[in-house]
Amino acid sequence: MTIQVNGKAYALDEEVPLPELLARLQPRKPFAVAHNGKFVPRSQYDAHRIAANDQIEIVQPSVGG
Amino acid sequence: MTKQDPPTLSSSEMLRYARHLLLPEVGLKGQQKLKTARVLCVGVGGLGSPLAFYLAAAGVGTLGLIDDDVVNVSNLQRQILHADRDCGRSKVDSAAEKLEALNPAIRVVRHHTRLTAHNASEILQQYDIVADGTDNFAARYLINDACVLLGKPNVHGAIDRFTGMVSIFGVPGGPCYRCLFPEPPRAGQIPSCAQIGVLGVVPGLIGMMQATEIIKWILGIGESLSGVLLRIDALAQSYQKIVLPKDPDCPLCGTHPSIRHLNEETTEGCTLPSRTDNEREEQISPRDLKQRIARNDGIFLLDVRTPEAFAQWNLGGHLIPAEQVAARLNEIDQSSEIVVICSVGIRSQSVAEFLRAHGFSRVRNLRGGLHAWLQESDVPSVVKDVVREEAMQ
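Read top to bottom, the protein sequences are chains A and B.
Residue 2 is where the first sequence starts when you use our numbering, and the numbers rise one by one after that.
Residue 45 is where the second sequence starts when you use our numbering, and the numbers rise one by one after that.
Each hint should be verified, as a subset may be incorrect.
[What the hints assert, rightly or not] Pairs of lysine-lysine, BS3-like flavour, derived with a Cα cap of 27 Å: (1) B/LYS73 x B/LYS196; (2) B/LYS290 x B/LYS260; (3) A/LYS39 x B/LYS290; (4) A/LYS9 x B/LYS285; (5) A/LYS9 x A/LYS39; (6) B/LYS196 x B/LYS334; (7) B/LYS285 x B/LYS260; (8) B/LYS260 x A/LYS39; (9) B/LYS142 x B/LYS285; (10) A/LYS39 x B/LYS285; (11) B/LYS290 x B/LYS196; (12) A/LYS30 x B/LYS285; (13) B/LYS142 x A/LYS39; (14) B/LYS260 x B/LYS196; (15) A/LYS9 x A/LYS30; (16) B/LYS290 x A/LYS30; (17) B/LYS73 x B/LYS260.
[Unchecked claim] Partial selection, computed: residues in chain B whose CB lies under 8 Å from chain A: (18) LEU91; (19) ASN119; (20) ASP179; (21) ALA202; (22) GLY208; (23) MET209; (24) GLY232; (25) VAL242; (26) GLY244; (27) VAL287; (28) PRO289; (29) ASP291.
[Claimed, not checked] If you want the footprint, here are the derived chain A segments under chain B, 3+ residues with CB under 8 Å: (30) 16-27; (31) 33-39.
Hints listed in this document are in silico derivations from the structure and should not be mistaken for laboratory results.
Glycine included, C-beta positions come from ideal geometry on N, C-alpha and C.
Only chain B is shown next, with the shape it has when bound in the complex:
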């Protein structure tokens, strides 16, 4: 935290935080610490929503939000900062608006970008502590590595289906994420929530645990989850703490580290690719694709869903189910720009990468898939239901 005189609290702030001021563990000094604190929320989705909401309410003075995603209707079952009317808007703008409305006394900093190996140090240096609310391993390892290298605590939360885990990494003397899982999983080893689902309240539970750890760290109270992994199982209502020692052989924070600076190679091969500056060129938004189709400018639409899903509704593209693409490359027009399409944009992303690796130079993925396309379309609701149902499978 910055070493300055503690900030004064206005009379309206004194009223707002009255219940905190009553707690000897918080009090005026604690509330001033909260006001001075700068917290970066990486991702304002399922975890970022509840944790940012409570940190704003608690009076954390500077809240940075970083996300380059837009709100999709399938987010709303758990990403409680966003409302139905926000679909299609930037998540950062949607979230900042709600947080500023909740507490005008705080400063919300909007980072409309994605954390990368290139921008991580510059962005993280503006904050005291980082909350990891991301949804892919590339980002999680990047945050872990950047936080250890910069000496910032990293409050980790992760979820799937009915379970979640929380810990705080990168605290001096404590372990990091790589002490637990030294290398990122390879693509496809661990499924994402978009593939296997998540009960909407689970990110709420875990995000709130992250917010609790952040507030405790700022105030310097209680027992931290540094050196402990907390696992929560919502079905069993069980809370399990497992001691997590620092690994002396950790490639990042051990005695002989092999990772000494940030680069994309260290997070290579994760479930979702580490996003780079080129990534925008590798994706196409539904809006841009509609304009391109309307101009009829020779795009090859490659639909990689199942024949059943394709038969129900399609954009008039060429059908090759994802698992057959490798055997049917000769059907794909290499001279055209190719846009790969599936229900939610995950299978198609893998196919797009596969094509690039096999010499196709102009390949883009329909971002968010047909599900996102339909959010912005004037098509009968029954069609939307069909695609939505398939997207949820």
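One chain only, chain A, in its complex shape:
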């Protein structure tokens, strides 16, 4: 199955919980994660399972002004 991570295709063998996907992606910290267009609070990561065609956005803060 395929999901989208920041607009790019990413292959997964099966559905995984969000923390497992993050363990594979190893995003640069700090980051926030949006699942299908909605940010997921950190305490709710475990409740999110990533399924085929899901869209994941990993967002790092910008600081410039």
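Chain A is already provided as a structure; the job is to place chain B on it using the hints.
Chain B only, in chain A's frame:
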């Protein structure tokens, strides 16, 4: 907003705002709301310039400007309130002058200081809504925390390279910055625009989005960006909205908050240090350093640039590249006052902090680095070009 009778508009104001008065969503009542509104712009740089410019034009009655920085020529590529002749002047004065010239009917309040955990409540209480146009995480978390604790909306804008993000935090029932990023990044985790660059129009785009959100909030019209993060990518010309729910476990605005008052610890470890009252003593301006060198009063100049940059031009200081400082502490004269120097004052700031943490008691950073030094110097333009080129790398 203050609960008073709506202000009257003079005939010249009626003419000035004629295009607003034509809009049913604004009209006379809306224009009166704008005139009553008090907006604080924290930072009058890349974001603060366009947003303050448009808020002044729109007739926001009280515009507070807070910034303790001075205009540098490298600001002018994007900080459109400032002109070439303003280099070396206070950003607040430079900005206030332009805004007053644009619209004499508004009141511009000048705060020549930096927002700190000590002064934030007193300053923010004078305003209805806050625009975050700062360039460091310490200030951003301070503004977020202060706004939530005081119940003021915080219109957040941030940029780097070709992208930016906007949202409005701290609206009743809505999320705050800590719902998105609970803790500040550690020093060096996220690079600043001074390190990685920014396309000059990007703060214009984002600052204008902030101004739009502020005007909508004052007027009470349209759909707010509360609960939504808007991301803009100038290269792709893409605008992406991501829903941002309030985090029930947010350390600031959640159901069991751990942050209940402002203090510097909550923003500790950010990319740039939270500036304190001591900060002035930790920095030295190019002008003061020149006077000290001219008096020959025993300063140890520590240049932490690369040997190549040092060879091209230097102030006659002692060269230890930043990454070698830890291994070569014995070369630094601990009995003298030390001034740390680099191209733009960022690497040297980290080195100055490192030295203080290692027992050096009198350490100051050359504010703005050699780049700022040269703005005020009578040296050949070719030398300025060399340093400028290095500063941009």
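Hints, one by one, checked against the model:
Taking the CA atoms of B/LYS73 and B/LYS196, the gap is near 22 Å; set against the 27 Å cutoff, the hint holds. About 21 Å separates the Cα atoms of B/LYS290 and B/LYS260, which keeps this hinted pair within 27 Å; it holds. Among the hinted pairs, A/LYS39 with B/LYS290 is consistent with the structure: their alpha-carbon atoms are about 11 Å apart, no more than 27 Å. For the proposed pair A/LYS9 and B/LYS285, the alpha carbon gap of about 18 Å is at most 27 Å, so the pair holds.
Pair hint A/LYS9 plus A/LYS39 holds up; C-alpha atoms about 18 Å apart against a cutoff of 27 Å. At most 27 Å may separate the alpha-carbon atoms for a hinted pair to count; B/LYS196 and B/LYS334 exceed this at roughly 43 Å. For the suggested pair B/LYS285 and B/LYS260, the alpha carbons sit about 18 Å apart, so the restraint of at most 27 Å is met. The straight-line distance between the Cα atoms of B/LYS260 and A/LYS39 is roughly 24 Å, inside the 27 Å bound, and the hint therefore holds.
Restraint check: the Cα-Cα separation between B/LYS142 and B/LYS285 comes to about 34 Å, which exceeds 27 Å; the hinted pair is violated. At most 27 Å may separate the alpha-carbon atoms for a hinted pair to count; A/LYS39 and B/LYS285 meet this at roughly 9 Å. Restraint check for B/LYS290 and B/LYS196: satisfied, since their Cα atoms lie roughly 16 Å apart, inside the 27 Å limit. The suggested pairing of A/LYS30 with B/LYS285 holds, with an alpha-carbon distance near 22 Å, which does not exceed 27 Å.
Distance restraint check for B/LYS142 and A/LYS39: the Cα-Cα separation of roughly 41 Å exceeds the 27 Å cut-off, and the hinted pair is therefore not satisfied. Restraint check: the Cα-Cα separation between B/LYS260 and B/LYS196 comes to about 15 Å, which is no more than 27 Å; the hinted pair holds. Proximity of A/LYS9 to A/LYS30 is assessed by CA-CA distance (about 20 Å); at most 27 Å being required, the pair is judged to hold. Taking the CA atoms of B/LYS290 and A/LYS30, the gap is near 21 Å; set against the 27 Å cutoff, the hint holds.
With a C-alpha separation of about 13 Å, the suggested pairing of B/LYS73 with B/LYS260 holds against the 27 Å cut-off. About 5 Å separates the beta-carbon of B/LEU91 from the nearest beta-carbon of chain A, less than 8 Å, and the hint is met. A hinted interface residue such as B/ASN119 counts as satisfied when its beta carbon comes closer than 8 Å to some beta carbon of chain A; here the least separation is about 11 Å, so the hint is violated. A least Cβ separation of about 4 Å between B/ASP179 and chain A falls short of the 8 Å threshold, and the interface hint therefore holds.
For B/ALA202, the interface hint holds, the least distance from its beta-carbon to any beta-carbon of chain A being 4 Å, beneath 8 Å. Look at B/GLY208: its Cβ gets to within about 6 Å of chain A, closer than 8 Å, so that hint holds up. Taking 8 Å as the C-beta contact cut-off toward chain A, the hint placing B/MET209 at the interface holds, the least distance being around 6 Å. Taking 8 Å as the C-beta contact cut-off toward chain A, the hint placing B/GLY232 at the interface is violated, the least distance being around 12 Å.
Checking B/VAL242 against chain A: minimum C-beta separation of about 6 Å stays under 8 Å; hint holds. Checking B/GLY244 against chain A by beta carbon gives a least distance of about 12 Å; that is not within 8 Å, so the hint is violated. Because the smallest distance between the Cβ of B/VAL287 and any Cβ of chain A comes to about 4 Å, under 8 Å, the interface hint for this residue holds. Here the hint on B/PRO289 is kept, as its CB sits about 7 Å from the closest CB of chain A, short of 8 Å.
Hint status for B/ASP291: holds, given a least beta-carbon distance of 4 Å to chain A, under 8 Å. Coverage of the segment 16-27 of chain A by chain B is violated. Counting CB-CB distances below 8 Å, 0 residues qualify, and the rule asks for three or more. With 4 residues having a beta carbon nearer than 8 Å to a beta carbon of chain B, the segment 33-39 of chain A meets the requirement of three or more and the stated coverage holds.
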